[in-house]
Each structure stands twice: as C-alpha cells, then as structure tokens.
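Build out the structure end to end from the sequences listed, making use of the hints.
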Amino acid sequence: MKRNLKSYVLNLSAVLLIYIVISSLIGTGAINKYYTGILIMIGINVIMTVSLNLTTGFLGELALGHAGFMSVGAFTAGVITKALVEQYGWNATACLPVSLLAGGLLAAVMGFLIGVPALRLKGDYLAIITLGFGEIIRVIIQNLQITGGASGISRIPRVNSFTLTYVLMILVIIVMFTLGRSRHGRAIISIRENSVAAEATGVSVTRYKIFAFTFAAFFAGIAGGLYAHQIGRVSAATFDFNKSIEYLVMVVLGGMGSITGSIIAASVLTLLPELLREFSDYRMLLYSIILIVMMLFRPKGLMGTAEFSLTFVWNSLFGWVRKLLKIQPKVKDTPKAGLTDESVKAGHEPIMPDLPAYPLQEGEPVLETRNLGIRFGGLHAAEEVNLRLYDNEIVGLIGPNGAGKTTVFNMLTGVYLPTDGDILLLGKSIVGQKTYEIVANGIARTFQNIRLFKSMTVLENVKVAFHTRMHYSPATGIFRLPRYVREEEGIDLRARELLRVFSMEDAADTPADGLPYGQQRKLEICRALASNPKVLLLDEPAAGMNPIETKELMETINLIRDRFHITILLIEHDMKLVMGICERIYVLNYGRVIAEGKPAEIRNNPEVVRAYLGHSDQTNKAQAELEAIRNGNA
Amino acid sequence: MVLFLNQFINGLGIGAIYALIALGYTMVYGIVKLINFAHGDIMMVGAYTAVILMVDLSVSFPVALVVSMLVCVLIGVVIERVAYKPLRESPRICPLITAIGVSYLLENSAQLLFSANPRPFPTVLSIPPIVIGGVNISFITLLTVVVSVLLMIALQYFVMTSRTGKAMRAVSEDMGAARLMGINVNITISLTFAVGCALAAIGAMLYCIAYPSVAPTMGMMPGLKAFIAAVLGGIGLIPGAMIGGFIMGIAESLTKGFVSSQLSDAVVYGILIIVLLFKPSGLLGKAQREKV
Chain G
1 MKRNLKSYVL
11 NLSAVLLIYI
21 VISSLIGTGA
31 INKYYTGILI
41 MIGINVIMTV
51 SLNLTTGFLG
61 ELALGHAGFM
71 SVGAFTAGVI
81 TKALVEQYGW
91 NATACLPVSL
101 LAGGLLAAVM
111 GFLIGVPALR
121 LKGDYLAIIT
131 LGFGEIIRVI
141 IQNLQITGGA
151 SGISRIPRVN
161 SFTLTYVLMI
171 LVIIVMFTLG
181 RSRHGRAIIS
191 IRENSVAAEA
201 TGVSVTRYKI
211 FAFTFAAFFA
221 GIAGGLYAHQ
231 IGRVSAATFD
241 FNKSIEYLVM
251 VVLGGMGSIT
261 GSIIAASVLT
271 LLPELLREFS
281 DYRMLLYSII
291 LIVMMLFRPK
301 GLMGTAEFSL
311 TFVWNSLFGW
321 VRKLLKIQPK
331 VKDTPKAGLT
341 DESVKAGHEP
351 IMPDLPAYPL
361 QEGEPVLETR
371 NLGIRFGGLH
381 AAEEVNLRLY
391 DNEIVGLIGP
401 NGAGKTTVFN
411 MLTGVYLPTD
421 GDILLLGKSI
431 VGQKTYEIVA
441 NGIARTFQNI
451 RLFKSMTVLE
461 NVKVAFHTRM
471 HYSPATGIFR
481 LPRYVREEEG
491 IDLRARELLR
501 VFSMEDAADT
511 PADGLPYGQQ
521 RKLEICRALA
531 SNPKVLLLDE
541 PAAGMNPIET
551 KELMETINLI
561 RDRFHITILL
571 IEHDMKLVMG
581 ICERIYVLNY
591 GRVIAEGKPA
601 EIRNNPEVVR
611 AYLGHSDQTN
621 KAQAELEAIR
631 NGNA
Chain W
1001 MVLFLNQFIN
1011 GLGIGAIYAL
1021 IALGYTMVYG
1031 IVKLINFAHG
1041 DIMMVGAYTA
1051 VILMVDLSVS
1061 FPVALVVSML
1071 VCVLIGVVIE
1081 RVAYKPLRES
1091 PRICPLITAI
1101 GVSYLLENSA
1111 QLLFSANPRP
1121 FPTVLSIPPI
1131 VIGGVNISFI
1141 TLLTVVVSVL
1151 LMIALQYFVM
1161 TSRTGKAMRA
1171 VSEDMGAARL
1181 MGINVNITIS
1191 LTFAVGCALA
1201 AIGAMLYCIA
1211 YPSVAPTMGM
1221 MPGLKAFIAA
1231 VLGGIGLIPG
1241 AMIGGFIMGI
1251 AESLTKGFVS
1261 SQLSDAVVYG
1271 ILIIVLLFKP
1281 SGLLGKAQRE
1291 KV
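Residue numbers (my numbering), protein chains in the order written: chain G, 1 to 634; chain W, 1001 to 1292.
Simulated from the structure, these hints should not be mistaken for lab results.
Just so you know, not all the hints are guaranteed correct.
With a Cα cut of at most 16 Å, we get these calculated EDC-like pairs of lysine to aspartate or glutamate [as the list claims (entries may be wrong)]: (1) G:K300 to W:E1089; (2) G:K576 to G:E555; (3) G:K598 to G:E393; (4) G:K576 to G:E549; (5) G:K428 to G:E364; (6) G:K33 to G:E274; (7) W:K1033 to G:D422; (8) W:K1279 to G:D124; (9) G:K428 to G:E368; (10) G:K434 to G:D422; (11) W:K1286 to G:D124; (12) G:K454 to G:D509.
Here are a few chain G residues that sit away from chain W, every Cβ distance over 12 Å (derived from the structure) [what the hints assert, rightly or not]: (13) Y8; (14) A30; (15) K33; (16) A92; (17) T130; (18) N143; (19) D354; (20) F479; (21) N546; (22) D562; (23) V609.
Idealized CB from N, CA, C, for every residue including glycine.
In structure tokens form, the structure reads like this:
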C-alpha cells in the first residue's frame, strides 16, 4: 500500500498545483474571460471524452450517439435551473447541484433505456443504432415544448465557473480510474478483450455492457449540464451526429482505453482550433489533415492503452538525479504484495474469495447428462448423449472430427441451449442457465482456440475469473472502501498462489499474448480454475503442442485433479495423452455415444474402429489416430 | 389518395438516389469492412465537377457526367491508397477515423475553393411531368428510378458472374485466402472503390437534377441517409442497399407529407432501430454467430 500512498500524494499535489496556478492566473486577470471560457470547455470536453472512453475504449463498443446524452443533461439542467430561479426565486448557484445531478440522472436513464435493446447488437450495427438513438433524441428535443422547440432554450443563468468544472472533471477522472481498477472495471475490460471468454469466466456480459453504457451516459449528462450553465443557451442542433463524432475522434486520438490519453487529446483538440484561429480559413483543413496524419502514423492513438503515470516520472526523475550525483540507492525490502504487517495491525486482513460449497452425495455423479441432444435445423449435432462424471475423475471425450464433442461442451456451459434432454450438476438441472451462472455453479472450461484477455497481464487474466467469488459493489470499488482493499488483497494472494502452482508467477506482470504457446494454454487452465469449479472442461488442451509440452500438460492435469479435487472432462485428439491420463473414455460419433469404458476397453472396441475407419472419406489422420488408440501407452 | 400517391412517387425518386449512393457504401463495406464516411463527399466532388464543366466551360451534360465519374473514381482510389490501405491491419476504428478526416478534408477544401455559398445546378432536362388522374409523375423521378434499378441489376450481375466480381467476393470473404488463390487484393479493392465512386457520381447528377443546388456540405445528409439505407437492407448486400434506399425514401416522403417534415428524420431512424432490433443484420442480412 506504500506505493499507492506515494501515487496518491503525487497526483493530489499535481491536481492542487494546477488548480492553484490557473485560478490565481484567472484571479489576477492574466487569463482573461475568453481564455477562461476555453479552459472550461476543455474541462467539459475532458468529461465527455473520458466517459465515452468507458464505452468505446474499455468496453470496446463503438458508440456514435454520445452527444445525445450530453444534450439530455444540458436541457434537463437548463430547464430546471431556469424554472427554479424564475418561478421559485432560488439563487442560481444554489440550483446547480440539483440541476446537474438531475441532468446526469436523466441521461443515465436514457442510457439505460437505449442500452438494453441496443447492446444486443454488435460492432458496426451497434454503432449505427446508437447513431440512430442519438439523432432521435435530437429530433425529439427539437419538437418538445418544454425544451423550446427548434430554437432551444436561452437565458439560462451562466453560473458555471472554472472551479466547479475543474472539481467535477477531477472527480470524473478519479472515478474512472478507480472503477477501471476494481473488479467491475476488470470485467468491462475483459469483455473488450474477448467477450466469449469473459462470459465463460463468470462475467455477465450483458449486465456489464449496460452498466458501462449507463455510467458513461450519466457523466455525459453532467457535462451537458455544465455546458448549459456555461454558454447560457442550448439548442438541440448543437448536439448532432457531428458532435458525437468529435468526441469519438478525441477518444481514438488519445488512445482507446487510456484515460490520460483522453485528457490530453480532449485538451489539445479543444485548444487546437483556437490556436489556429489566425489561419481561420485553413483551420478546419489543417485539423482534418492532422487527424489523418495522426491516425496513419499512430493508429493506437497517443497513449495506446497505457496511462501517463506521475509516480513513474517521479521515480525515473529521482533515479536520474541519483545517477547524476552518484548516490547509491538504499536497498529496501520490496514489500510483499498483499498482506503486510501494517494492514494486519489496522484490522485490514484480506478477505479471501468465496469457496463455493459443492454438496455431494456418496456415489452420485457430479455431472450427468440425460438423453442430451441438440438439433440445428434438421441436423442432429448431438442426440441421446448420456454422460456420468464422478467425483475426482479424469474422463476423456474422443471421436472423429465433427463428431459433436465441442457441441456437447457448448451445451454443458450454456452456450447452446439443448433441444432435448437434461443436464444435472450435483443433482440440479442447469439447462437454461446463462453461461456466467453455470460458471458460478461450478463448471469452468477452456477453448479449442485459445481465448485469453490478450492485452491484460497474466495476473489480471486470472483475477477476472475470481469475479463470481467476490462481492464488493461498484460504489465500494469506486470509493476504495476498506472492503474493496481487503477483497482485492485476498484475490491478489490467491491469484499469485494459483500462478505459483503452475510455476508461472514470474510471468505475472507480462501481457498474456506475450507468453509462449504452451504457457498460454496453461494460463487458460489456470484462469478456469480461479472460478473454483467442481468440473473442469478442457477442449483440446494439447492441440498444437509439441511432445515435451504435451508431457508437461499431462503432469499439469494430474496435478490439478489431485490438488484441486475436481472432475475433469477433456476433449483431445492426442491419444497418448488421452490413454495416458483418462480413467474412463466416452467415444462420440455423429453426435451419439458409441462406446464407453476404460482405455483398454476402448482400444479394442469394434464400434470405435469402425467409427474411425468405416467410411471411404476418412482421412489418413483418422487412421493415424486409430493407430494411436491401439498402440497408445497406458 | 392522390396526395399519398404523389408523396409515394416522390419517395421512390429520392429513395432511388439513396439506393445508388448506398451501393457504394455497401460495396466498400463488403470488401474492407469500413464505413467510408467520405462517400457522401465524393458525391459532392462529382457535383462540383459537373457544375464547373457545364457552367464555366459550357461542356455538354453527357461529357460532364463522364468526366465527373472519372474525377470521382480517381479521388476515391487515391483516398483508399493513401488513407485506408496503410491501416488495413489496424483495429477497424482507425480507418474509420481517417475516413472522418478525409470527409472533413474534402468538405473544407471545397469550401476554400468554391466558398460556402451554394451554386445552382443548370437545368439538364425540361420534360413536363406525366399526369395520370391528378398524380404527378415527373420525368426526372421516373428516370432516377429506372437508372438506379438498372444500375443495381447490372452491378449485381457484374459481382455475381464476372471474373473481377468473383475476385471481389473472394476478397470480402477472406483476404488472405484470396491472395493465396492468386487474386491481386490491392487492385480488387481499388476497383471496388472505383465502382462505388462512379456510382456516387451518377447519384450526384440525379440528386442535382432533382435538387439543383451544389454546396460543400451537400453530401453529408444524403451520405448519412444512404449509409443508414445500406445498413437497413443488410450492409454488404447489393439488393439490400436497393431495398433499404427505397424504404428510407418512401418513409421520409410520406412522413413529410402526412405527419410533419421535422419528424421525418426521427421516423427514418426509428425504422432503422426497429428493423435492427428484430433483424440484427438488416432486412436481407443473415445473422452470424461467433463460433465457440
């Protein structure tokens, strides 16, 4: 926590310093009214950009209607302040908290109402539908009586000030930072990285999409309220599609997913047109050229997903001074992550993640499917599949390509809804549950084609999967209440422990896509285990591995079973691995279970032989696989 | 009833123009998955070229049409090479931003060169409208509809049967595999832009004959509407663009005639939203599922 303290102090002093300098310059008149106005617009645009970054950068969904939420906030706040001042004789400044909050809340409500239907769509279609909603908001406001129709409302008391804008801007930035580093922020980022994997590690993708969208709309509403009280008049035409695009440009140029990038881009792009005022005719031309050139030479944006860190600057500055003065740095014990003496003394012992209980009757299967089947149109991808997995077993699911193995996995994890039969986990049916609910109930999986959260670190990848086992609310995370600190410390300990089991603790802070292939597979398993499953489904874990890696994997799988006391079902084509570690094997062909038994029994089963060889179109690969089934060393 | 028919026919006319511009969007999107925001501005370039040729240089309309098509094709291909091609491997939002930049660039260049004041477009055809039982069918509307339907059919035929068309479809399915089959991906993409831009030039002519005024920002609204039309019909599909364009035009025109001209945009966007909620990939689009 010492490192945190340093960054708190550094950032707080920077924030205060900037405020004191600017406000004293305004006070002495060194910055005139015109430039104060520009500074305030920067503040408003920073709020807009940072909030849009939550949807576009963190969540990864292109939203083209952000200005619509700003206008909802602007009109709501404007109308309320005007009414309170003119009809109830309130002091205009006293109205601000009420009207800004109301503006933000109404924008949030709109965000929620739009988000619920819109977020079912993906990618470009989502972008277009947000564009459509944004424009509809504009047209509606233009046709409402209370918002003054096409001409909008004017004579809103201009009571906004630099101080207010600055304070709100800083608050929004802080909230974005703390949210981004809480379990909720991790969940949102994991959706951007890989939404299928996010759902399969227990994150409710729909819920978090709507959450992010609503949250961003709230801040856009606040920014709109500030704008209304700054300019004094608002008309809906200001907040059209082009305005939304303007903010999108700021987000992308700053770097999607970088809050400091957004701050810089919003400041520069608000200032730029003012600086170019001398060349007024060429101003927009230059702006457009800068935009194109910037993108061509730095497609990631200014900051990419990185953040500008004062602590980093401070440390490197000190390192540089030390070097210059040839002072030997004092070697300090680096405080171990997580539990420190101080935190224990303060009664802040970490809260460990939940350990879900899995009540198991003697002799009952952990997971059972009863006549499970699914049809796609006329095609029976799987039918009458009856599997019974018992406690602490390693079971193989094999079969030729296209036999329906992955389809079975997808039904078990709620990706597909079976058309027939039932799935019982610990005696209870899980058919119809969402993937993230099934994860919470005890089934975790890995994927045939690796699905990691690529740009997140190894440690963060694992931490995402603790999601279902933690409890603190978004508010607790944003305000960093003690519960947040304790739970985060708890999962930090557990996540590192888990990595240590797989001897990956040294790679904890490298990005996941920087790992070698075999390690990536291992990380995916590690992540699946973090949700503390009772059943682990491995989909071709050895695919693409060399013999040495495969051998290591076999040891890992055995280790998992012994150490975590779970049941493992694995799909695999590598027969050496299957015959080597599975206690029982199910053979699937054309969607049906054609054989079941111990490896030795499977090896000599005539049905299995026919499945692999029975058709003229079978490839050499099938033959080789069969060969391997026969010769596989048990 | 007469009013309804009149509005309906007006809607067909404007819808046909939307459809023509939408074809350009759809082709480009189909092949490089890029929303080419500059497409509407290409149309503006075509309109200015024609005005300058016809008014300042007194060239005949057919020549002006061909030259403005060539200018649009050239500009379109250059834009693709300079602003989009380097970003083909980047996240898809990057070319989107350069497209926005290009759109601003074209609009502002036009403003510098020709000032913001609109220029009148000369009268090309002065054939009186056909009147059937009180229903006005202007010759221009008729021409617009016929031209755009014919072009759509020709384009569909071209894409489905010609060698180049097949190459385009192959590149849009899988760029890497197409390259391995010996298709020159860069040229195919350039050709797609060329076709789209040529269509935009024709659309510009029809648009200007119907609304004879040329201004730097004239491409913005029809461009956006045409794009919405493409999405409505199912982006990437040529018949989809056509259907989307006609629906947009008719809905807009009927709202203007019977409800309120201010609400016409809201109705158009409302239709888009409703269609997308029930058919997430547009009217003719097929839903795609990510394979797990």
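Review point. Under the criterion that the straight-line Cα-Cα distance not exceed 16 Å, is the pair W:K1279, G:D124 satisfied?
Key: Since the Cα atoms of W:K1279 and G:D124 sit roughly 14 Å apart, the hinted pair holds (cutoff 16 Å).
Review point. Within a Cα-Cα threshold of 16 Å, do G:K428 and G:E364 meet the stated pairing?
Key: Cα-Cα ~12 Å, so holds.
Check your understanding: Between G:K428 and G:E368, does the CA-CA distance stay at or below 16 Å?
Key -> holds (10 Å)
Review point. Regarding the pair W:K1033 and G:D422, is the alpha-carbon distance no greater than 16 Å?
Key: violated (41 Å)
Review point. Does the claim that G:V609 lies off the interface hold, with its Cβ farther than 12 Å from every Cβ of chain W?
Key: G:V609 is indeed farther than 12 Å from all Cβ atoms of chain W, at 30 Å.
Review point. Given the hinted pair G:K576 and G:E555, is their alpha-carbon gap at most 16 Å?
Key: holds (13 Å)
Review point. CA of G:K300 to CA of W:E1089, is that 16 Å or under?
Key: holds (12 Å)
**Study point:** Status of the stated non-contact between G:K33 and chain W (beta carbon gap over 12 Å)
**Key:** About 29 Å separates G:K33 from the closest Cβ of chain W, which puts it past 12 Å; holds.
Check your understanding: Going straight from one Cα to the other, do G:K434 and G:D422 come out at no more than 16 Å?
Key -> Roughly 15 Å separates the two Cα atoms, so the pair holds.
Point to revise | Straight-line alpha-carbon gap G:K33 to G:E274, limit 16 Å | key: holds (14 Å)
**Study point:** Restraint status (C-alpha distance of G:K598 to G:E393 at most 16 Å)
**Key:** holds (12 Å)
Check your understanding: Once the closest CB in chain W is found, is it more than 12 Å from G:F479?
Key -> At about 32 Å from chain W, G:F479 clears the 12 Å cut-off, so the statement holds.
Comparing the model with each numbered hint stated earlier shows that hints 7, 17 and 18 do not hold.
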